[in-house]
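Student: The residues making up each chain are set out below.
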Amino acid sequence: MQKTDLEQMGQMLTSLQKQVTELKGLSAGFPAFERNAVRIEASLNMMAIALGRSVLDNV
Amino acid sequence: MPETSPYWNPYLETLEPERLRDLQLAKFRRIVAWAYERSPYYCELYRQAGLEPGDIRSWDDVRKVPKVEKDMLKDAQAAEPFPYGSRLCVPLSEVSEFRQTSGTTGTPVYQADTWQDWEWWAEAWSYILWAQGYRARDRVFIPFGYNIFVAFWAGHYASEKLGCEVVPGGVLDTASRILKIKELKATAMMGTPTYMLNMADVARERLGVDPAGLSIQRITCAGEPGASIPSTKKRMQEAWGAKVFDHAGATEIGAWSFECAEQPGGMHVNEGLFLVEIEDLNTGELIEEPGRKGKMIITALDRLAQPCLRFDSKDIIEWAAEPCPCGRSYRLIKGGVQGRADDITKVKGVLLSPTAIEEVVRGFNELADEYEVSVERIGDSDKITLKIELNPGAEDQEQQVLARLKDELRLKTNLGYVIEVHPVGSLQRWEVKARRFKDLRRLH
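Chains as they are written, first to last, in our numbering: chain A, 1 to 59; chain B, 1001 to 1444.
Watch out, some of these pointers could steer you wrong.
Derived Cβ-Cβ restraints for the label pairs, each shown as a range [unchecked claim]:
1) A/9 - B/1323: 25 to 33 Å
2) A/1 - B/1398: 56 to 64 Å
3) A/9 - B/1350: 51 to 59 Å
4) A/14 - B/1017: 37 to 45 Å
In short, the hints are calculated from the structure, not lab data. Ideal Cβ placement from N, Cα and C applies to all residues, glycine included.
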């Protein structure tokens, strides 16, 4: 795994995490969106752990 | 990820040890702060020790964080909120999973997990299964009674995550499970060593099916140390014609270790997700060098609902001297979990570990899989009775087998045994976790 690949993955992940957090906020009161966003958020956090971050970085 | 990657996580699993240690320390500090701020139990525990999360700056500081033991978890559970108590770090509305310990040592511990924690369980199991060769082509049969015990639940979810086809063996009885494996040509399965041997017996004796002739290629064991005991592992591998791998985990902790495809005679600690310390049984001193046994103190670094920080697991482990040929930088523990501090008992002044007896008994082809050991006090002396079964065809060699067995037991454990031979099939058969060692001295 190249360092540049890991860095790019990390940047894209951070961007996705921000988007999903926003989406969760926007979709409050729309369970079919909000609850799926919660699941996506959990999956993104597992990707963050995989890159050596703490799961608490996004809490 | 190319199919050829031997690692579930090519980054973390090959990280240089120094960087891995830095990562663990950083995560440890975060999870301690999380627990301190969110859990009345941890806050009080650390305050009483005069510790604040900001005090943890180095590895020496990690050792100052108070350990927790199972009884402490049970005490914390009695507080609010019901049913988890004051160790809980999230609102009850965020808890999505309930599991509990078996309660064999008294009151069970209830374990809360958020959905994210549950994803984390599956992630930890994904390391295990990938390292043991599970891939999307596998059809995984799970002969487990899905229930309140965590057991193989996360193995199910991780198999799905890897893209495997999962067949839940749920409430089927043992014979039906074997027939379903045969019918579907399942390629992998999971279970306790006791149950894997039991299934093989049922296949042969009740169904007339040779389990080695079925399609199972790999088996993941957990719940008991058998898959790291060479003689038990050999029995299972021969019975099923499959590679058998060990894994150790616990409800309160998570899936913290795994044997890789190299079968190096030990298990890797998943050091990206867990911090394992080994402590001398008598002095409490930290053991960092290979070859010295101690008890495991473990922290789950990313589990949030009900963190388990510096948990005194009572598991006896030791670091291996050599790195694994698989290339992972995650350290190996030699021989897996070698016993439990509370199982090791003194008999006639000698420390006796039940796993040592299992290793000897299972090394005799003339003996059946089941055995039972009891220790009782007769006058001022301890008497150890070992009940065994001779396999059909071995009856005419009984005296020679018993003599060899006594010799090997004495060599391995430094103790003498009264050996009773019982008819094959007459000793208790266990479905899940076996309790073959009985210390009757504790009853008096």
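Student: All hints, please: hold or fail.
Tutor: Checked hints:
Taking the beta carbon of each, residue 9 of chain A and residue 1323 of chain B are about 27 Å apart, inside 25 to 33 Å as hinted. Hint check: residue 1 of chain A to residue 1398 of chain B, Cβ distance near 59 Å, so the stated range 56 to 64 Å holds. Between residue 9 of chain A and residue 1350 of chain B the CB atoms are about 55 Å apart, so this pair conforms to the stated range of 51 to 59 Å. Distance hint for residue 14 of chain A and residue 1017 of chain B: a CB-CB separation of about 27 Å, inconsistent with the stated range 37 to 45 Å.
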